[in-house]
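Protein chains in written order, with UniProt numbering: chain X, 1 to 303; chain Y, 1 to 303; chain Z, 1 to 303; chain D, 1 to 303.
Keep in mind the hints are simulated off the structure, nothing from the lab. From a predicted model like this one, the values you see are computed outputs, not experimental measurements. One thing to keep in mind: the hints can contain errors.
In silico lysine-lysine, BS3-like type, Cα no more than 25 Å apart, as pairs [unchecked claim]: (1) Y:K267 to X:K267; (2) Y:K35 to Y:K15; (3) D:K267 to Z:K267; (4) D:K35 to D:K15; (5) Z:K35 to Z:K15; (6) X:K35 to X:K15.
Chain Z is faced by these chain Y residues, among others (derived, beta-carbon under 7 Å) [as the list claims (entries may be wrong)]: (7) T96; (8) K170; (9) N295.
Glycine is no exception: its CB is placed at the ideal position from the N, C-alpha and C atoms.
Residue strings, one per chain:
Number of protein chains: 4
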Amino acid sequence: MQQLVDEINERARAKFGTGRVADYIPALAEQNANKFGIAVCTNDGQVYAAGDARDAFSVQSIAKVFLLTLSLRVYQDTLWERVGLNPSGMPFNSLTQLEAERGKPRNPFINAGAIVVADRLVSAFATPSKHIRDVARRLSGNESILIDARVLESEWQHRSRNAAMAYLMKAFGNIDNDVDQVLHSYFSCCSLAMSCVDLAIALNYLAADGHAQAMGEQFIAADLARRINSIMFTCGMYDAAGDFAYRVGLPAKSGVGGGIIAIVPGKMTVCAWSPALDENGNSVAAQYALELLANEMGCEFGR
Amino acid sequence: MQQLVDEINERARAKFGTGRVADYIPALAEQNANKFGIAVCTNDGQVYAAGDARDAFSVQSIAKVFLLTLSLRVYQDTLWERVGLNPSGMPFNSLTQLEAERGKPRNPFINAGAIVVADRLVSAFATPSKHIRDVARRLSGNESILIDARVLESEWQHRSRNAAMAYLMKAFGNIDNDVDQVLHSYFSCCSLAMSCVDLAIALNYLAADGHAQAMGEQFIAADLARRINSIMFTCGMYDAAGDFAYRVGLPAKSGVGGGIIAIVPGKMTVCAWSPALDENGNSVAAQYALELLANEMGCEFGR
Amino acid sequence: MQQLVDEINERARAKFGTGRVADYIPALAEQNANKFGIAVCTNDGQVYAAGDARDAFSVQSIAKVFLLTLSLRVYQDTLWERVGLNPSGMPFNSLTQLEAERGKPRNPFINAGAIVVADRLVSAFATPSKHIRDVARRLSGNESILIDARVLESEWQHRSRNAAMAYLMKAFGNIDNDVDQVLHSYFSCCSLAMSCVDLAIALNYLAADGHAQAMGEQFIAADLARRINSIMFTCGMYDAAGDFAYRVGLPAKSGVGGGIIAIVPGKMTVCAWSPALDENGNSVAAQYALELLANEMGCEFGR
Amino acid sequence: MQQLVDEINERARAKFGTGRVADYIPALAEQNANKFGIAVCTNDGQVYAAGDARDAFSVQSIAKVFLLTLSLRVYQDTLWERVGLNPSGMPFNSLTQLEAERGKPRNPFINAGAIVVADRLVSAFATPSKHIRDVARRLSGNESILIDARVLESEWQHRSRNAAMAYLMKAFGNIDNDVDQVLHSYFSCCSLAMSCVDLAIALNYLAADGHAQAMGEQFIAADLARRINSIMFTCGMYDAAGDFAYRVGLPAKSGVGGGIIAIVPGKMTVCAWSPALDENGNSVAAQYALELLANEMGCEFGR
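I would like the entire structure built from these sequences, with the hints used as guidance.
Below is the structure:
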């Protein structure tokens, strides 16, 4: 396996020069495009890493997996009264569908859905941002994980579209708390700085029937882990969920920081990272790495 | 396994009385709602059946799996120049998205997508309807399979919405052949009358890496089978793909005739059938049966 | 007045070279772009003409005014059960709004609306195309007016988008007759070949409280004439109704043949024609001519 | 004329009991539904009033006419770089069209358009709310006109949907100033409390080629007045612009406070008011009053 990740590391770097670093906030635009890391965490606790796998990067939308998991732990299936679980078929930050469906977002992996989930956590926790950060630390076994204050500030300065979605949902009665407070929690979570190794360990509970290995305990129920995987499979890759399912065939979630986490249920998690994105907002080199790995291992979601 | 399908047969019949038989064409509206059948076909060739598993019913949208497979056999990945492979997020017969995306349907499992696929087959075969019927016979090992002429005539009489979609796509240059001819082929395929046993055997190639057991040959490449499964997982259950993925977690395709085919990759196919549908057009009892089976067997797409 | 139309004729020709001749059907694409005509018909029966004002051209969407008038004569306000009378805010041939509003077109001046109106005439008249042609002859006092068979054939060959709209409306129960027959009547009316002089005389009833001067009789009630003018003001210029209202401020209807008819209520009609169109499908030179005339005369809709 | 307005006052009151008082903000929901007033202001300075014509009510969207006029005075036609002037065909507070058209509202009489216009005034004036109030006072010759602080506070508390629109436009770069500040100015203007008499006098410049009679001066150019009338004709009555144009045929602007101002160019302004609204947000009794008056006087926009 170490040989495989080393080889993938080498081949994925050939993609440098393709795609563009996210520029929707200045703090992300400064990233070095020529970075690539990959980490595998097997269910029996082995970690294999290559390249820049220990560099912390902005998790961005990968945070939506944490938000969803933590919210499902509190609200179980009543969460689905606030957010759907079907693919949206629209860009991740669209207001059109949100208006047509009266403020109930299609799924928790589009921005509007994650904002609703964040609102649920604001209702449940006194300091939701700190709670999320602490859980990320415990799940990854890395106490030095931080919320990147510069990224957070940059998100806040450029909040207009997310604010538009939050206010629209509030107009429909689907946000209970103050919009500014909800956005702050949401942005805090997106601004977590974690490495490929951190994420592969932290999210291994999705491959391991809900058991979090760094915590040494059952984090969520087995069937809940399976269900989150299903949502990742259908909705995890922005508009390209179907393309990715067709080519790679694994549950995954990507972020505009360039990271992608993929789950091989029963076996392992894989996190790949490289900042340059394709037109769908998914990392070019990280996608390629996961495609290589899936083909090499013949690992199939469904086998 | 026979015990399990017998038990599911009994429990699923408790759902009689919930849902409504499809009424969009008269020929379907006459179906007896109080029918239920289930058939399992394992990759090693065992068939387990219960209830009305040998009654022929109208395959309707399950035909889209045949259409897609046959078209991919001819066109391979060039097919995707004509049709996408991402979830649509819109009703299966919507024209709005089709117009916005200039006549290229989102995926081959919405009506517009299947009509484009049918147009491809009209270009490739002299008698496409006969070709499809013959393949259905050979895949299921049942030479008596027929196209139901009454259903076909009824589809034709009520073709307005499908005709609207076909003409819109032709306006965008995405239909090459005469609209009437394409619709006729499409409706013929939807009007195939097959039983749960027929379908479970016929589509077992999707569970068996592309090997068709009744034909005794490799019908499509293994990776193509995996890819079709991915599309079924993300797009197979009309608007409820995400709900079904969350609850059942298997690649599946349903039809308004009341049938649903589900794939357990590497293991088996399951076909359940009962005519009464929920508001998404999916059979109430057949969905329930698949949920029971998935939970009992702990079979997970991804394990 | 003759001096004014001569001057406008001269100035409008300076616009030659701007815009593009309609190319959606081959028969129109062949038009000579460097044509311009203008005709004024006053309520007291004077006709002033300049340039190519006696060349027959394809009336195209100007026919929608005839269709609407003839249908209102038969059905009066019950017509509005089939078609709305509010601006659409969408392209004239959009299916999105038609689907959202369940097959009831926004107004009679978008294609879908005119097709519904044509369906009403097919229900009312044994030979609707002939009826429309005959009325056009009597209103203009020109017995030689013809339906251009080449244009009609070309419309038919390229009917896909209009057929899509007609089938969609039929799916919603808003078309009573056979789609092919309805489209044939609609295209026949659009294929009328008339000159600026013909149209200015024929539609003068809209300026003259419903009195048709060539027929010497009250063609429609005065309040109905006023109401058709209101619809022309709000919906007559495709997507540019507001722009045209802002700049010119007169009820008008344009066609992709390059003609525009404008009404100065209580005073006169003006028809200008030149084949090259702007991106909204309105003739560049004809719009300019009407703007010049409105400014020169200080004629205001509302004074 | 006094006799006519007295008669209309009597007949319009028969509509009491039809429609519902606006309830989107609590401060409006408390209005007494059984109020009706009408005032006519002729271009030669006569005022005819009946019923509750001197009761101040919340002008709400009628304020959009003031906002537009004041902004056109500053920016002239460059204003149209920020906002369109075509009918929207969508509900007045829709975000769907705003997103599709990248943050440029269709016209200045939908909420998004008026918010953009307010942003322009925030850029131009140190104290825009005070400026608007002072102009309303001078135009009506009534120095006691106030912004209703309770309505303003209520608008602010229920700003979510307007905030969503403003943030969406800011995301597209079409709002220059702080969203809270822009909304405050917009709501202030909507919260002006004026009577039928105040409004009929204040907006008479639109009937009088731009001459404001209470100020005794040319307020805007004659062609600008004509153009504002055209926008009112095509866009002034929310979704019912076409219906109103068909039935009444005058440029008008309504507000959810129950007021409607109508323009008879060259002659007079009419303001009617009654709080109960139809499903389009237009006052039932005020619309009826204007229809009676238009029919009685035979005044036609276009004559």
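Going through the hints against the structure:
Our distance criterion of 25 Å between C-alpha atoms is met by K267 (chain Y) and K267 (chain X), whose separation comes to about 19 Å. The hinted pair formed by K35 (chain Y) and K15 (chain Y) meets the criterion: a straight-line CA distance of about 10 Å does not exceed 25 Å. Among the hinted pairs, K267 (chain D) with K267 (chain Z) is consistent with the structure: their alpha-carbon atoms are about 19 Å apart, no more than 25 Å. Proximity of K35 (chain D) to K15 (chain D) is assessed by CA-CA distance (about 10 Å); at most 25 Å being required, the pair is judged to hold.
Taken as a hint, the K35 (chain Z) and K15 (chain Z) pair is honoured in the structure, with Cα atoms around 11 Å apart against an allowance of 25 Å. Under the criterion of a C-alpha separation no larger than 25 Å, the hint pairing K35 (chain X) with K15 (chain X) is consistent with the structure, at around 10 Å. For the restraint placing T96 (chain Y) at the interface with chain Z, the shortest Cβ-Cβ distance is roughly 4 Å, inside the 7 Å limit, so the hint holds. With 7 Å as the threshold, the beta carbon of K170 (chain Y) comes within range of chain Z, its nearest partner Cβ sitting at about 4 Å, so the hint holds.
Among the interface hints, the one on N295 (chain Y) is violated; its C-beta lies about 39 Å from the nearest C-beta in chain Z, farther than the 7 Å criterion.
Hint 9 alone, counting from the list given before, is not met by this structure.
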